[in-house]
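Student: Below, each chain spelled out in residue letters.
Protein chains: 2
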Amino acid sequence: MPARTTKLYEDLTDQVTALIRAGTLRCGDRAPSVRQLARERGASAGTVVHAYELLQARGYLRPRSRSGFYVSDAWRTTDQHQHTSRPSRRPTRLDVSELVFEVLEAMRSPDLAPFGSAFPGPDLFPLRQLAQLIGASTRRLSERSTLDDLPPGNEKLRRQIARRYLASGAQVAVEEIVVTSGALEALNLCLQVVTEPGDIVLIESPSFYGCLQAIESLGRRALEVPTHPGTGIDVDEVEQLLSRHRVRACWFMTAFQNPLGATMPAAARERLVRLLSRRGVPLIEDSVYADLYFGAQRPHSAKSFDTEGLVLDCGSFAKNLAPGYRLGWVAAGRFAQAVTRRKSMSSVGTAIPIQAVIGDYLGRGTFERHLRRLRRALQERQSHFLAAMERYMPAAMKWNRPSGGYLLWAELPPHIDAIRLHREALAEGISLAPGPIFSASHAFHHAIRLNYGHPWTAKTEAALKRLGNLIARTSASR
Amino acid sequence: MPARTTKLYEDLTDQVTALIRAGTLRCGDRAPSVRQLARERGASAGTVVHAYELLQARGYLRPRSRSGFYVSDAWRTTDQHQHTSRPSRRPTRLDVSELVFEVLEAMRSPDLAPFGSAFPGPDLFPLRQLAQLIGASTRRLSERSTLDDLPPGNEKLRRQIARRYLASGAQVAVEEIVVTSGALEALNLCLQVVTEPGDIVLIESPSFYGCLQAIESLGRRALEVPTHPGTGIDVDEVEQLLSRHRVRACWFMTAFQNPLGATMPAAARERLVRLLSRRGVPLIEDSVYADLYFGAQRPHSAKSFDTEGLVLDCGSFAKNLAPGYRLGWVAAGRFAQAVTRRKSMSSVGTAIPIQAVIGDYLGRGTFERHLRRLRRALQERQSHFLAAMERYMPAAMKWNRPSGGYLLWAELPPHIDAIRLHREALAEGISLAPGPIFSASHAFHHAIRLNYGHPWTAKTEAALKRLGNLIARTSASR
Numbered sequence: 003m004p005a006r007t008t009k010l011y012e013d014l015t016d017q018v019t020a021l022i023r024a025g026t027l028r029c030g031d032r033a034p035s036v037r038q039l040a041r042e043r044g045a046s047a048g049t050v051v052h053a054y055e056l057l058q059a060r061g062y063l064r065p066r067s068r069s070g071f072y073v074s075d076a077w078r079t080t081d082q083h084q085h086t087s088r089p090s091r092r093p094t095r096l097d098v099s100e101l102v103f104e105v106l107e108a109m110r111s112p113d114l115a116p117f118g119s120a121f122p123g124p125d126l127f128p129l130r131q132l133a134q135l136i137g138a139s140t141r142r143l144s145e146r147s148t149l150d151d152l153p154p155g156n157e158k159l160r161r162q163i164a165r166r167y168l169a170s171g172a173q174v175a176v177e178e179i180v181v182t183s184g185a186l187e188a189l190n191l192c193l194q195v196v197t198e199p200g201d202i203v204l205i206e207s208p209s210f211y212g213c214l215q216a217i218e219s220l221g222r223r224a225l226e227v228p229t230h231p232g233t234g235i236d237v238d239e240v241e242q243l244l245s246r247h248r249v250r251a252c253w254f255m256t257a258f259q260n261p262l263g264a265t266m267p268a269a270a271r272e273r274l275v276r277l278l279s280r281r282g283v284p285l286i287e288d289s290v291y292a293d294l295y296f297g298a299q300r301p302h303s304a305k306s307f308d309t310e311g312l313v314l315d316c317g318s319f320a321k322n323l324a325p326g327y328r329l330g331w332v333a334a335g336r337f338a339q340a341v342t343r344r345k346s347m348s349s350v351g352t353a354i355p356i357q358a359v360i361g362d363y364l365g366r367g368t369f370e371r372h373l374r375r376l377r378r379a380l381q382e383r384q385s386h387f388l389a390a391m392e393r394y395m396p397a398a399m400k401w402n403r404p405s406g407g408y409l410l411w412a413e414l415p416p417h418i419d420a421i422r423l424h425r426e427a428l429a430e431g432i433s434l435a436p437g438p439i440f441s442a443s444h445a446f447h448h449a450i451r452l453n454y455g456h457p458w459t460a461k462t463e464a465a466l467k468r469l470g471n472l473i474a475r476t477s478a479s480r
Numbered sequence: 003m004p005a006r007t008t009k010l011y012e013d014l015t016d017q018v019t020a021l022i023r024a025g026t027l028r029c030g031d032r033a034p035s036v037r038q039l040a041r042e043r044g045a046s047a048g049t050v051v052h053a054y055e056l057l058q059a060r061g062y063l064r065p066r067s068r069s070g071f072y073v074s075d076a077w078r079t080t081d082q083h084q085h086t087s088r089p090s091r092r093p094t095r096l097d098v099s100e101l102v103f104e105v106l107e108a109m110r111s112p113d114l115a116p117f118g119s120a121f122p123g124p125d126l127f128p129l130r131q132l133a134q135l136i137g138a139s140t141r142r143l144s145e146r147s148t149l150d151d152l153p154p155g156n157e158k159l160r161r162q163i164a165r166r167y168l169a170s171g172a173q174v175a176v177e178e179i180v181v182t183s184g185a186l187e188a189l190n191l192c193l194q195v196v197t198e199p200g201d202i203v204l205i206e207s208p209s210f211y212g213c214l215q216a217i218e219s220l221g222r223r224a225l226e227v228p229t230h231p232g233t234g235i236d237v238d239e240v241e242q243l244l245s246r247h248r249v250r251a252c253w254f255m256t257a258f259q260n261p262l263g264a265t266m267p268a269a270a271r272e273r274l275v276r277l278l279s280r281r282g283v284p285l286i287e288d289s290v291y292a293d294l295y296f297g298a299q300r301p302h303s304a305k306s307f308d309t310e311g312l313v314l315d316c317g318s319f320a321k322n323l324a325p326g327y328r329l330g331w332v333a334a335g336r337f338a339q340a341v342t343r344r345k346s347m348s349s350v351g352t353a354i355p356i357q358a359v360i361g362d363y364l365g366r367g368t369f370e371r372h373l374r375r376l377r378r379a380l381q382e383r384q385s386h387f388l389a390a391m392e393r394y395m396p397a398a399m400k401w402n403r404p405s406g407g408y409l410l411w412a413e414l415p416p417h418i419d420a421i422r423l424h425r426e427a428l429a430e431g432i433s434l435a436p437g438p439i440f441s442a443s444h445a446f447h448h449a450i451r452l453n454y455g456h457p458w459t460a461k462t463e464a465a466l467k468r469l470g471n472l473i474a475r476t477s478a479s480r
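Chains as they are written, first to last, in our numbering: chain A, 3 to 480; chain B, 3 to 480.
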């Protein structure tokens with residue numbers, strides 16, 4: 003983006019923010035339409051959209067489908083109370099797995115209210131339809147497919163995946179796509195391909211525990227980047243870290259980040275990609291939640307700004323179509339052959355009936371309709387959940403309102419320890435994900451991740467109320 | 003095994019060998035029945051069976067189902083001409099992948115005679131039946147299975163797998179079984195669990211390239227054990243290497259080893275396991291071919307002698323039921339929890355429709371019937387193939403007659419380079435697997451692995467004849 007455009011975009015963002023904070027624009031007001039504002043300011047529609055996305059991520063605007071942007075008061079919970087994280091400025095070797103496993107294993111009981119779960123409600127997915135399809139898809143496989151569908155994977159499926167990138171603004175060639183057994187395999191393969199043991203990798207703070215575990219088990223070193231619950235990683239900090247350390251790769255989740263729910267504005271993403279390109283540093287992008295946006299369109303992926311083939315964009319159908327089928331991929335840019343080989347080495351290939359059924363499903367053209375329903379359902383569940391949070395959580399608690407996905411980040415009242423709360427909540431039939439499992443340095447002792455993606459029922463509400471009471475009690479007992 | 007029994011077993015083996023070499027027992031003669039010999043020598047039936055298995059592996063006896071053992075002349079090609087390998091006695095860091103990938107990628111063309119392939123003919127498997135079953139199996143899955151079938155995996159499937167161990171003489175608890183995405187994933191997970199970067203791992207020489215690649219990519223060091231095409235690794239050598247080096251694990255394929263086709267006699271296996279137990283060294287056992295025996299019964303797995311939980315036995319349905327479904331497992335002994343966690347970390351889980359359909363198939367009880375048909379077919383293909391080898395290969399060539407599986411090992415006439423032959427054969431529409439891809443030190447330049455598991459047709463025969471001519475020509479041109 004040329005300098006003038008960046009400037010204009012920042013100006014627009016600042017001005018709208020000021021209007022809202024001053025009360026000139028009030029919650030529920032319709033914001034000027036993109037077209038109108040672009041014309042008035044002599045800007046491109048893209049510039050205005052970038053500004054609106056940032057405003058949305060910060061909780062100032064909220065899109066309604068087909069009728070533009072409206073002023074929101076979500077910034078009151080997001081922007082005012084929550085800060086960018088302040089992680090250690092030194093790379094660290096990790097040791098988080100023990101705690102993560104303890105927490106994950108405790109959470110598998112079906113009787114718990116699943117606020118700690120990493121999965122959304124299984125009722126959201128067309129599992130019956132896929133089960134209907136899988137027999138026919140498997141019967142149609144030729145004897146040769148055992149060989150033909152070896153890495154990089156089934157041709158038809160890869161073509162469908164490449165095609166879908168257009169929606170996120172990226173042009174991706176079929177040749178770049180490597181099919182994997184879920185996104186986590188893709189991410190692990192990418193990390194192995196672009197780094198060596200001992201290398202420094204930039205990660206978010208807090209970050210997905212799968213990322214921490216991969217870095218730990220492969221003997222890489224993590225350097226955490228300050229990350230905001232609204233707008234994601236701080237690109238200025240990335241720039242400084244790059245100049246101070248020999249960073250070999252970044253591993254970021256730029257949309258609806260797990261655990262924060264944060265989404266980087268398009269302009270920040272673009273700046274990030276430019277910055278990394280100049281230094282030749284690969285970006286492993288975890289996009290597993292990117293389809294679950296509540297706004298008017300899919301956030302632009304970092305991949306869409308990549309001109310050097312340095313972005314390895316990892317996706318999955320586990321969060322948007324078929325949990326349990328373990329089908330993912332990576333659009334690996336210049337690393338496609340290396341990833342293909344690494345995949346052959348570590349698991350030979352991905353199950354051919356799974357590749358076949360997802361390829362066939364995507365070919366039918368009902369995926370986008372399903373996604374629209376899914377997004378609506380998640381947004382509705384978020385509304386119920388946040389309204390109940392307002393009712394039942396003590397005043398000292400803060401949380402954000404993610405613009406997509408099904409995970410939010412809540413900061414506990416001072417002095418409440420998240421691990422202790424996790425154990426006490428389990429005893430009351432409630433799971434939650436304590437902050438320290440998302441930290442290379444066991445930080446975030448006063449934060450939890452909550453999942454709002456399960457059906458909203460009287461039982462769920464009662465559980466959230468119990469959790470609120472537990473937090474209030476614990477807080478008062480000190 | 004007590005000393006007296008070991009002695010008796012060796013005596014028996016030596017005596018029968020002498021009788022056959024002297025021509026007293028001739029090819030086609032029926033050997034004394036196990037019961038009769040046991041009675042005559044005051045030995046247990048087990049001791050005689052051990053001796054007969056060794057004689058079978060060495061090519062002196064051949065079992066016929068339900069009618070005992072017969073004298074074979076396979077030893078003339080096996081024992082006389084082929085030797086135990088003589089690898090380097092120092093641990094090495096590896097660099098084999100480049101060559102392996104070049105070879106494997108060249109071999110994927112459907113127009114080649116698939117002598118280099120690692121897969122048997124797809125016509126051997128009930129793929130249609132599985133395709134019929136997968137829809138119903140997937141439809142029956144509950145919404146909870148996305149969670150329930152996470153590692154260690156689907157309960158029903160794990161129970162079926164544990165049950166099948168009885169046939170190989172091992173008692174394996176369901177709790178030990180971890181479902182994986184194919185045996186290669188299992189083997190990689192085990193290696194990560196029982197060793198650290200830089201650790202020394204004993205492997206066969208030659209060995210499966212997947213093993214070499216895993217050791218290379220995980221930064222372990224390989225120490226090769228001399229291995230015989232008939233009887234597998236030399237346990238005396240293992241003992242010496244253990245006393246000279248800090249060996250952290252072994253990775254062996256004890257039955258129908260890839261690429262040799264070698265099978266360790268039961269007594270050698272037992273001795274190996276005792277030896278490793280005394281020193282607390284884990285054995286990662288790759289048993290993917292173990293079901294494909296031509297003899298009267300499945301070779302006793304090393305697992306069956308394990309009393310310490312130190313044997314991690316890795317299996318798969320890729321070679322005996324469902325290639326392309328990528329379903330494997332490990333019976334991980336005392337390492338089961340560690341493997342489960344490592345699996346969660348690296349790929350979350352194995353696709354649930356795949357776990358479900360294989361579990362259902364095994365529950366139906368037709369697997370053993372399918373296996374009997376499969377073994378008969380492979381043995382028949384081996385006969386055709388070996389008969390044609392006799393006809394078409396130059397006299398200076400030597401090969402073995404494995405007692406199971408679908409891979410044999412052939413030594414080329416002197417001065418023929420296997421890599422060059424591989425390239426020239428490709429040009430004539432024939433694939434083969436050159437020896438150096440199975441070597442940590444790029445050894446075995448004069449050996450090739452041949453696959454006899456594809457349908458025996460006039461086209462196959464013509465291709466083998468062309469290969470024989472090519473070898474003869476190349477040999478003569480020097």
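Fair warning: there could be bad hints in the mix.
[What the hints assert, rightly or not] If we take Cβ atoms under 8 Å as the criterion, some of the chain B residues that face chain A in the derived model are:
1) Ser-67
2) Ile-136
3) Ala-474
[What the hints assert, rightly or not] Computed footprint of chain A on chain B; a stretch qualifies when at least three of its residues, placed anywhere within it, have a C-beta under 8 Å from a C-beta of chain A:
4) 55-64
5) 122-134
6) 141-147
7) 216-229
8) 260-268
9) 350-357
[Stated by the list, open to error] Far from chain A, some chain B residues (derived; all Cβ distances over 12 Å):
10) Arg-110
11) Thr-182
12) Ser-183
13) Glu-239
14) Arg-328
No wet-lab data here; the hints were simulated from the structure. C-beta atoms are modelled at their ideal positions from N, C-alpha and C, and glycine is treated no differently.
Student: Has the segment 216-229 of chain B got at least three residues whose CB is nearer than 8 Å to a CB belonging to chain A?
Tutor: This one holds; 3 residues, not fewer than the three required, reach chain A with a Cβ under 8 Å.
Student: Report holds or violated for chain A covering the segment 350-357 of chain B, Cβ cut-off 8 Å, minimum 3 residues.
Tutor: holds (count 7)
Student: So B:Arg-328 supposedly isn't at the interface. Is its beta-carbon more than 12 Å from every beta-carbon in chain A?
Tutor: At roughly 5 Å from the nearest Cβ of chain A, B:Arg-328 sits no farther out than 12 Å, so the non-interface label is violated.
Student: Establish whether the coverage given for the segment 55-64 of chain B by chain A is satisfied; the threshold is a Cβ-Cβ distance below 8 Å, and no fewer than three residues must meet it.
Tutor: Coverage by chain A is violated for the segment 55-64 of chain B (0 residues, Cβ < 8 Å).
Student: Hey, is B:Arg-110 genuinely clear of chain A, shortest beta carbon separation above 12 Å?
Tutor: violated, 6 Å
Student: Go check the segment 141-147 of chain B versus chain A for me, would you? Three or more residues, Cβ under 8 Å, otherwise it fails.
Tutor: holds (count 5)
Student: Compute the least Cβ-Cβ separation between B:Thr-182 and chain A, then decide whether it is above 12 Å.
Tutor: The claim breaks: B:Thr-182 does not keep its Cβ more than 12 Å from every Cβ of chain A (closest is about 8 Å).
Student: Tell me if chain A covers the segment 260-268 of chain B under the three-residue, 8 Å CB rule, please?
Tutor: With 0 residues in contact (Cβ-Cβ under 8 Å with chain A), the coverage given for the segment 260-268 of chain B is violated.
Student: Hey, is B:Ser-183 genuinely clear of chain A, shortest beta carbon separation above 12 Å?
Tutor: Since the minimum Cβ distance to chain A is about 5 Å, B:Ser-183 lies within 12 Å and the statement is violated.
Student: Take the shortest C-beta to C-beta distance between B:Ser-67 and chain A; is it under 8 Å?
Tutor: violated, 29 Å
Student: A closest beta-carbon separation below 8 Å is what the hint needs, so does B:Ile-136 meet it against chain A?
Tutor: Holds, about 5 Å.
Student: For the hint on B:Ala-474, just tell me whether its beta-carbon gets within less than 8 Å of chain A.
Tutor: Not OK, violated: B:Ala-474 not within 8 Å of chain A, min 30 Å.
Checked against the numbered hints above, the structure violates hints 1, 3, 4, 8, 10, 11, 12, 14; every other hint is satisfied.
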